[in-house]
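**Student:** Chain A is fixed; fit chain B onto it per the hints.
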Amino acid sequence: MKISMNELSAALRRCFEATGYFVGNYEDAANMILWLEKHGLKGLDELTRALPFINTDSDKPLSSVVYEDKTSAIIDSHGRSALNCIAASVDLAHAKALENGIATVTVHNCHNRKFILKALTDCGRRGISAAAYWQNGSHVITEHTAAIKAGDRYPSYSEATTALEVNDLDAQALTIICSSRVDLTSSLQHSRGNSNTLDVSAEKVASNKEEAVANGINIDDELWGEINRLGTGILVSSSEQSRLGAGGR
Amino acid sequence: MTTPAAILTSLRGDNALPLRPANQVMDLERLGSLHQSRLSFMRTLVRRIMKERWQITPAVFQLDKDGYGTVIYKINAPHGVFSFVLFSDYLSSEERNDRVIATKWDLTMALVEGEVDDVYLEKLRQNVPKQEAGRVDSRVFVLSRANRSARNFDYVVEQLAQGKQPDAERIAKVGYLYRTTAVYGSGKLGMADWEKVRSKFPDFARPFAGEMFVCLMLRNFSLLQAEHIAKHKSPENFAPFEPEIKRYFGIGNSTGLGMAPYLVNHPLLINQWVEMRELALARVRALGHIDDSIKQEFNCLIDRSYIHTAETETEDEWQTDNNQKVLQDLTSLKQHTNNGFSGWDELLQWSETNCSLQGQEMLVSIMLELYPELVDELEEFHNADEVLELDPLMPLQVLKQVIESRYDWALAIDFTAEGTRETCWYRSEEKMEPRLGSVADLEAKDKQMALGVGYAVRKCYNHLCEYMDEHADHTTARFMVAHPKMRGIVRRIQSMNRCIYGDIQANLLDRNILPMHLLRCKLAFFGVSKFDPRSRLWVRNTMFQGAPLLEDIGKPFNDDWFMPLAPKQQGVN
Chain A
1 MKISMNELSA ALRRCFEATG YFVGNYEDAA NMILWLEKHG LKGLDELTRA
51 LPFINTDSDK PLSSVVYEDK TSAIIDSHGR SALNCIAASV DLAHAKALEN
101 GIATVTVHNC HNRKFILKAL TDCGRRGISA AAYWQNGSHV ITEHTAAIKA
151 GDRYPSYSEA TTALEVNDLD AQALTIICSS RVDLTSSLQH SRGNSNTLDV
201 SAEKVASNKE EAVANGINID DELWGEINRL GTGILVSSSE QSRLGAGGR
Chain B
1 MTTPAAILTS LRGDNALPLR PANQVMDLER LGSLHQSRLS FMRTLVRRIM
51 KERWQITPAV FQLDKDGYGT VIYKINAPHG VFSFVLFSDY LSSEERNDRV
101 IATKWDLTMA LVEGEVDDVY LEKLRQNVPK QEAGRVDSRV FVLSRANRSA
151 RNFDYVVEQL AQGKQPDAER IAKVGYLYRT TAVYGSGKLG MADWEKVRSK
201 FPDFARPFAG EMFVCLMLRN FSLLQAEHIA KHKSPENFAP FEPEIKRYFG
251 IGNSTGLGMA PYLVNHPLLI NQWVEMRELA LARVRALGHI DDSIKQEFNC
301 LIDRSYIHTA ETETEDEWQT DNNQKVLQDL TSLKQHTNNG FSGWDELLQW
351 SETNCSLQGQ EMLVSIMLEL YPELVDELEE FHNADEVLEL DPLMPLQVLK
401 QVIESRYDWA LAIDFTAEGT RETCWYRSEE KMEPRLGSVA DLEAKDKQMA
451 LGVGYAVRKC YNHLCEYMDE HADHTTARFM VAHPKMRGIV RRIQSMNRCI
501 YGDIQANLLD RNILPMHLLR CKLAFFGVSK FDPRSRLWVR NTMFQGAPLL
551 EDIGKPFNDD WFMPLAPKQQ GVN
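Quick note, the sequences are listed as chains A and B, same order.
Going by my numbering, the first sequence opens with residue 1, and the numbers climb by one from there.
Going by my numbering, the second sequence opens with residue 1, and the numbers climb by one from there.
Computed cross-link-like contacts, DSS-like style, restricted to lysine-lysine with a CA-CA straight-line distance of at most 30 Å: (1) B:Lys200 with A:Lys204; (2) A:Lys42 with B:Lys200; (3) A:Lys70 with B:Lys485.
Simulated restraints on C-beta separations: (4) B:Pro78 with A:Asp221: 37 to 45 Å; (5) B:Asp408 with A:Val140: 51 to 59 Å; (6) A:Asn218 with B:Asp408: 44 to 52 Å; (7) A:Asp183 with B:Glu297: 54 to 62 Å; (8) B:Gly419 with A:Asn167: 56 to 64 Å; (9) A:Leu223 with B:Ala412: 44 to 52 Å; (10) A:Val140 with B:Thr416: 53 to 61 Å; (11) A:Gly151 with B:Pro4: 12 to 20 Å; (12) B:Asn237 with A:Met1: 48 to 56 Å.
Hints are computed from structural coordinates only; laboratory data are not their basis.
Model, not experiment: these values are computed from the prediction.
We put the beta carbon where it would ideally sit given N, CA and C, even for glycine.
One chain only, chain A, in its complex shape (with noise of 0.2 Å):
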């Protein structure tokens, strides 16, 4: 079915809200799946292998910060989906890349690190360089890279699927760079065996976003009803005293 973005916004700040995101996260975590579903980055794709695990993150611990020094830092998770957590990490990073020149953060334990794309575009907006690079799949690894300039709107996005070996040691890992510095750009190496190159330009998203705007977005029946049926856990029952709560005749 067709929905407005702001339907689909205000169904997932309830669905995270309901299962336990709190004020301000449950904000950023709907910002991240519309903007990667805004910009044709499928972020309902994304969502939909997110939301079985998304009421489990409550009970892991918050990410804690495992060493850092002056450019650097390594954070982990805890196994926490990007869409509660990694949007301080790439704080991070800018504030360091801004005393610093540039930075590097390193994330572990972190899952559905498409959603980092909607925190580096805010780094690109605030005048700060950003690029990421993940990798992905436990059998089949696929590698992830996303930039984007100081000052631009847009992030670049890369994928391909990889002929490497599976690599326990790093799974779910993220590695972010800022710079105030060096403008960064990325993008995968098609000479390392990589095969189902997708490469989406700074240009290419932007255009994406226009048939959002215009027409809004194509969701599936199923998700949608899946995302309002969580969503109702913020509503409270009804009974005659709330009625009188509602002022009205």
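**Tutor:** Relative to the frame of chain A, chain B by itself:
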């Protein structure tokens, strides 16, 4: 025409104009004392329509003798063609309900991009009358519904059918034929997103312009329908409205709690509206030349505002008392200025000592009314990019100072005192209707909306102070990694610190909170009049009373429908 740069230098820096301070302006009771002004959205919309001479004509007019059927108005605006589609259906009095939980209405309507063909009309017919239970697509900008004011409607039709005019005194009490009970836009129910309307449709690219336009069209249809029914009832005796009394009909509106969370959840937008109103006032204070003609006009507006207030009927004791105070304030103001006055600054200061808040704000609206050349161009600056942005580099010392200076009002509240956290705002399972409850209701407490900005600031401040005991030299980014639950409120604090006025200064969790102030604030920005609170949670009011009619478009226009008065009549009974 002014520019963003000129506005910026008027608001900040060495050459800034004398703005009223945030702790005065953002006080909730004062915001709840605002009146309509020439910057209100109804005024700005009508100005645009009249100046640009929009062509609005019925393209389909299929009403039976009782006024039921379908009507489509075609709107030719400078940047596009639009359609206003309206369905009029029979509704029994038992089914008539103004609450958001209603499922049937007398009238349902939609504002649509482009012209409407038969296929699309049928699609709208299948969905628009169902409102929340239906679906529309991104060609639709606004969806609304309205219920008849049964007493007034039947009376007015009967008068016209007998060749008589409605009694203006009676219309002064209830100044409309229909009340709209919800006006939806911004992508709800499948409609066009605001981003689309704002970026692609300049005719409706100001906040709530589409929504206000639908209410204006509803008002025009209500008058046309009353005449239509009366004419069929008694073709021989029928007389149409006289223009003066016709213009005196507005459209009724019932507004409930739903508007209150909007103000808290859109702080940058509300700040922008307040900034423009305050900038307009500052311009008048600094640049408003006073001569005999201005003094004369000022006196006329005081008299008009007095009569308008005196003509406002409400059963609510609190509002009646407020209106009485405004009448006294206007009398004092007139006496004080009878022998002349030296300047607007002096008068404003005098009002702050001698008038009620509603009286003070009435003076502000009157001052704005006198200087269209200083005020009107600011209507182009009511939009805001509503992105609350974290500043990860801000040192925590600075963040702490920001909280202490911009949120001193929140830190001054003792949240351990009884009653300061007693109210909770939540969404009901009935159409997600916002409701107010007590934290004694554990389910409501557990699921409450995050509207307690003051309390959130206090909690954040406590965490921050504790964190700074060990990491005083850290940045906000590092604090966010350690305290991710504070992300929302820190982002808000930093973003609102970039504004002149910032957040509304009130504890919405307090036992004695008056949501009415929030409703009235937003309604005043819309431009309504005749506030008639029905409880502390919802208010009836009148929109577009005194505004030009469709048939006035293209004729000379003096933009003078501020505080409309009942027309003088002779021989009406």
